[in-house]
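Here's the letter readout for the chains.
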Amino acid sequence: NAGVTQTPKFQVLKTGQSMTLQCAQDMNHNSMYWYRQDPGMGLRLIYYSASEGTTDKGEVPNGYNVSRLNKREFSLRLESAAPSQTSVYFCASSVYRAYEQYFGPGTRLTVT
Amino acid sequence: TQLLEQSPQFLSIQEGENLTVYCNSSSVFSSLQWYRQEPGEGPVLLVTVVTGGEVKKLKRLTFQFGDARKDSSLHITAAQPGDTGLYLCAGAGFQKLVFGTGTRLLVSP
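Order-wise, the sequence lines are chains A and B. Residue numbers for the first sequence follow the numbering used here, beginning at 4 and rising by one. Residue numbers for the second sequence follow the numbering used here, beginning at 25 and rising by one.
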């Protein structure tokens, strides 16, 4: 049982490049989330998907887009990367919103 | 806006010491979760407390939910280096989970 998986684990981008972070869960959870975590700060919610077919903005959505591809997969896209998007990105899932969340191992992204 | 403040922000102690981490809010939550995040990994759920006044124990860790369900504490007895990490509380509101600001704990041998 893999839980929540994320790819890639590490990525370096140049300013203006684009990329997609992939996330998949095998726990049949309805809700999925993308967070960023910066040094000295807690988790900040970027986007979430309460259920398959729906997505909503979190507290820091600017510069990102998401796709809930199916119940298992939720991707995060940076269309034009900026140095301010250098961070560690975590995907998480839960049975429903406000229930316990299960996190992936994270993607460490550096934008130069 | 629901906010969860954790204190202290940083804690550096010696192995064997006891410590308490606090998680406070002015909002009422239906439940409160505690997570631990080790360096280089994602947060992992430790416990969920649901009832006001509830106390749960996980080996040397004791979690308490405040009577009014606005605050919580985590007490670690005889801390060990393996307890090192970032501790996050998270309050469950209506259709929403709010994460606290985090407490970074370093336990030295």
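Check the hints yourself; a few may be wrong.
Here are the simulated DSS-like pairs of lysine-lysine, each with C-alpha atoms no more than 30 Å apart in a straight line [what the hints assert, rightly or not]: (1) B/Lys94 to B/Lys83; (2) B/Lys81 to B/Lys94; (3) B/Lys120 to A/Lys74; (4) A/Lys12 to B/Lys80; (5) A/Lys60 to B/Lys81; (6) A/Lys60 to A/Lys17; (7) A/Lys60 to B/Lys94; (8) B/Lys120 to B/Lys94; (9) A/Lys12 to A/Lys60; (10) A/Lys12 to A/Lys74; (11) B/Lys120 to B/Lys81; (12) B/Lys80 to B/Lys120.
Which stretches of chain B does chain A cover? Using the computed rule of at least three CB atoms under 8 Å from a CB of chain A, they are [as the list claims (entries may be wrong)]: (13) 67 to 79; (14) 93 to 104.
Keep in mind that the hints were calculated from the coordinates and are not lab data. Source: prediction; values computed, not measured. Cβ atoms here follow ideal geometry from the backbone N, Cα and C, with glycine treated the same way.
Cross-check of the supplied hints:
{"no.": "1", "hint": "B/Lys94 to B/Lys83", "result": "holds (25 Å)"}
{"no.": "2", "hint": "B/Lys81 to B/Lys94", "result": "holds (20 Å)"}
{"no.": "3", "hint": "B/Lys120 to A/Lys74", "result": "holds (19 Å)"}
{"no.": "4", "hint": "A/Lys12 to B/Lys80", "result": "violated (35 Å)"}
{"no.": "5", "hint": "A/Lys60 to B/Lys81", "result": "violated (36 Å)"}
{"no.": "6", "hint": "A/Lys60 to A/Lys17", "result": "holds (25 Å)"}
{"no.": "7", "hint": "A/Lys60 to B/Lys94", "result": "holds (26 Å)"}
{"no.": "8", "hint": "B/Lys120 to B/Lys94", "result": "holds (15 Å)"}
{"no.": "9", "hint": "A/Lys12 to A/Lys60", "result": "holds (24 Å)"}
{"no.": "10", "hint": "A/Lys12 to A/Lys74", "result": "holds (22 Å)"}
{"no.": "11", "hint": "B/Lys120 to B/Lys81", "result": "holds (26 Å)"}
{"no.": "12", "hint": "B/Lys80 to B/Lys120", "result": "holds (23 Å)"}
{"no.": "13", "hint": "67 to 79", "result": "holds (count 4)"}
{"no.": "14", "hint": "93 to 104", "result": "violated (count 0)"}
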